[in-house]
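Once you've looked at the hints, dock chains B, C and D against the given chain A.
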Amino acid sequence: MNPIDLLIATLQLRLGEYLVSVYGSENWVFVVRDVLTVLTISTFCLLIVIFLIWLERKVIARMQDRLGPNRVGGRYGLLQTVADVLKLLTKESLTPAGADKWAYNLAPLLIVMTALLMWAVIPFGPGAMGADLNIGVFYILAVSSVSVVCLLLAGWGSNNKYALLGAFRSVAQLVSYEVPMVLSLLIPIILAGSMATEAIIGAQYIPFLFVIPLSAVIFFISALAETGRTPFDLLEAESEIVAGFHVEYGGMKFGMFFLAEFIGTLLMSALFVTIYWGGYTLPLVNLVLGVFGLPPIDLASLAWGRTLSLPIFFGKVFVIYFVFIWIRATLPRVRIDQMLNLNWKFLVPLSLVLILVVAIVDKALPANTNVWAYSGIMLLANILIAVGAIELLRRRGRQERAAAEAAHDDELADISAEALPAAHH
Amino acid sequence: MIPLSWYLIVSALLFSIGLFGLLARRNAVAMLMAVELMLNAVNINLVAFWRYQTPEAPAGLAWAVFVLTIAAAEAAVGLALIISVYRRRDSVIAEELDTLKF
Amino acid sequence: MTSQQVIFIILAVITLASGLVVVTNRNLFHAALAMMLSFFGVAGFYVLLEAPFLAASQLLVYIGAISILIIFAIMMTRRLMSTDESPFNSQWIAALFGTLLIGGLIIFVIVSVFSPFGDIIIANSAPPSLAVQESTVLLGRSFVDPDQYVIPFEIASVLLLGALVGSIAIARPEKES
Amino acid sequence: MTNEVLQNWQFIFIFVALSPIFPAAPVILNRLLGPQKPNAIKQQTYECGIETVGDTWIQFKVQYYIYALIFVVFDIEAVFLFPIAAAWGLLGLFAVFEVALFIIILAVGLYYAWNRGALEWF
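Protein chains in written order, with my numbering: chain A, -9 to 415; chain B, 23 to 124; chain C, 89 to 265; chain D, 5 to 126.
One chain only, chain A, in its complex shape:
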């Protein structure tokens, strides 16, 4: 073991390969590698949240024409979140009277665990991922479904009416939006022919965002709801149910819910990038290079490919993350019935139709269709469905408005009919 080689291997994100080359394929080598990977991924997630919170506050402040944090840590308030963390750390940790201690203490632990575990299958670079499971996407869905239970635990454990009510709302929301998310993720899997995240990236000669945009939009909307972000932040709804399921939590236990929300949002951005935007690869650049007859950039073959792919990957992730923040600054919160109607009466039927159409188109086209023709026809089908759905919605909206106006006119007529004779007396 040579310290300089070790350093280079670490910087190349090839520490595992280096250890194997030195010590052979013993199981303990893999265990050491896995433990190091777990520590790296988890520490990264915990630390990036400090930055994410600062980013969110700053961006939202700018969008609302405010300054945002600007005291702690220089002009840009860079250390504001660090100060917040220190504050949370020195708070008294209370357990409310009558709380179910098991559930109350387990919930913050479990919710962060699930948020972290999902990162295991996200590829940061060619081969640079926790575990290339062949059920990758399905694994993420399975783990994320566990987080629903945490909210119930928190709501039940707190012995508080608002918390329980908030938990019920949250469960209704998360559980509902899991359906369109699952259904929309089926479509890239049909196209890629695999559930493994790296295989899906490999299948994106043209990014799936431009092949199946409708699936991407459905996924994005349900990702907003799954992470409880505006406009679907009914989980917290400060003005209605105080703070929802975590009203009784304080100090770092509250901090854990906060942490899980941010890790979850970043994960959803990363998943979106991986599945719909080519992950760490540069498919669009490669297409342009192909037009000029140049060979595509193959990061996997470069010694420093993994390190180089990190800025590409995180650049894309932060673009998507910015859209999350942008939406938060733009849209107001929806009502619970609107939220559930949007899901069950629009997104779910739409994604069912989309699956059927994509499945039929995929089989109707001959197997040796040119990738451009295939993508073009897929895109056309997506656009047609989207236009049809919007047209349907518009017609429905007109009908409802007409009905509401008619009812209103009747009411006015009734009032004047009653009021006029009374005035005569």
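For the record, the hints were derived by calculation from the structure and aren't laboratory data.
Don't take each hint at face value.
[As the list claims (entries may be wrong)] Label pairs and their in silico Cβ distance ranges:
id: 1; chain 1: A; residue 1: 92; chain 2: C; residue 2: 178; range: 47 to 55 Å
id: 2; chain 1: A; residue 1: 50; chain 2: B; residue 2: 23; range: 50 to 58 Å
id: 3; chain 1: A; residue 1: -4; chain 2: D; residue 2: 65; range: 41 to 49 Å
id: 4; chain 1: D; residue 1: 98; chain 2: A; residue 2: 281; range: 35 to 43 Å
id: 5; chain 1: A; residue 1: 363; chain 2: C; residue 2: 242; range: 28 to 36 Å
id: 6; chain 1: A; residue 1: 50; chain 2: D; residue 2: 33; range: 25 to 33 Å
id: 7; chain 1: A; residue 1: 393; chain 2: B; residue 2: 109; range: 29 to 37 Å
id: 8; chain 1: C; residue 1: 174; chain 2: B; residue 2: 23; range: 39 to 47 Å
id: 9; chain 1: D; residue 1: 33; chain 2: A; residue 2: 382; range: 25 to 33 Å
id: 10; chain 1: A; residue 1: 274; chain 2: D; residue 2: 22; range: 31 to 39 Å
Quick caveat: nothing in here was measured; it's all calculated off a predicted structure.
Yeah, the Cβ is synthetic: ideal placement off N, Cα and C, and Gly gets one too.
Only chains B, C and D this time, still in chain A's reference frame:
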């Protein structure tokens, strides 16, 4: 290497625990939970036999998924019944729901 | 002892211990928590058996869906969750003996089939290596293969439809006229 | 574990075993650093300063349960459809009809729930 019999023994124990819960619990929801444990035990058996005896044909896997389906359908309808009974009779204790005896 | 065996024993202890908590705990909510832990252990067994798709399905369906239904039902019928009463009915001693008998019988059969006490009918050896790495793809094909499980597959959808219709019809309160 | 599938899953096992440390460490640190002076008023249930009335038990809507029900059905549908989607490239035209039938039967369930008003938030 794990011998097949280990899986079978764990599965048998889990099945017995579930059976005891089904027979001995008073609360109908608890009985349902015990049934879910038994179904899980069955699934362990199915998958273990698939892995050790016929790994080339996915019979055990497919039937495990069907058992999963049945477990979900059973939980959905069973719990709906329990909630409905609770609304009418104000009880979920299986022993007290004995109108049919008379 | 290999690392697989260590993981197996840990999983077995988790599954069985939490299974016992499920059937004995007075607090139904804690019983439901233990049930989730037990499901989690079973998912671990599926991973060891190289059926990762089933392990994820176990999390998705049992923990993410069925447990939630059960917790909802517990909360809706919560008023009767008095913790001082016995969790067992009057016949629990008979149930215990019956269960011990049946469980003992099953384990006796397993042990006599697989161990030196009886005739070895099935070799108690390492599993054969998986010919097809992608057991998930194999499973997916078998669902739509007319020679395999296409009929159960379609019947499953009818069963789900029936469960949906039936449980909505049962659970929905009657409309106040 | 020599097998490649299990090699990958060994990572998940290790991740599951280690991941409680990361949320537990700050919570325990908080315990150590923060003051510990509990009293009865501090530990009361927080309801915007108003004294809590009655039990936490609420007669909540059966509607929540119905959403969970419909979700369970679609969850199982996903369990069936995911392996089929992964194997989609290997399947023939016949599979399209079977999958379409499967989805349509479940869509009938959604239609029934819609029609019965089970999707209305009342």
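These are the hints, each one checked on the structure:
1. A:92 x C:178: 47 to 55 Å: Violated, since residue 92 of chain A and residue 178 of chain C (Cβ atoms, about 30 Å apart) do not stay within the stated range.
2. A:50 x B:23: 50 to 58 Å: holds, 56 Å
3. A:-4 x D:65: 41 to 49 Å: violated, 60 Å
4. D:98 x A:281: 35 to 43 Å: Roughly 40 Å apart at Cβ, these two residues keep to the hinted range, so it holds.
5. A:363 x C:242: 28 to 36 Å: holds, 33 Å
6. A:50 x D:33: 25 to 33 Å: holds, 29 Å
7. A:393 x B:109: 29 to 37 Å: Holds: the Cβ-Cβ distance is about 34 Å, inside 29 to 37 Å.
8. C:174 x B:23: 39 to 47 Å: Holds, at about 44 Å.
9. D:33 x A:382: 25 to 33 Å: Check failed, 54 Å falls outside 25 to 33 Å.
10. A:274 x D:22: 31 to 39 Å: For residue 22 of chain D against residue 274 of chain A, whose Cβ atoms are near 38 Å apart, the range 31 to 39 Å holds.
Hint check: violations occur at hints 1, 3 and 9; the rest are consistent with the structure.
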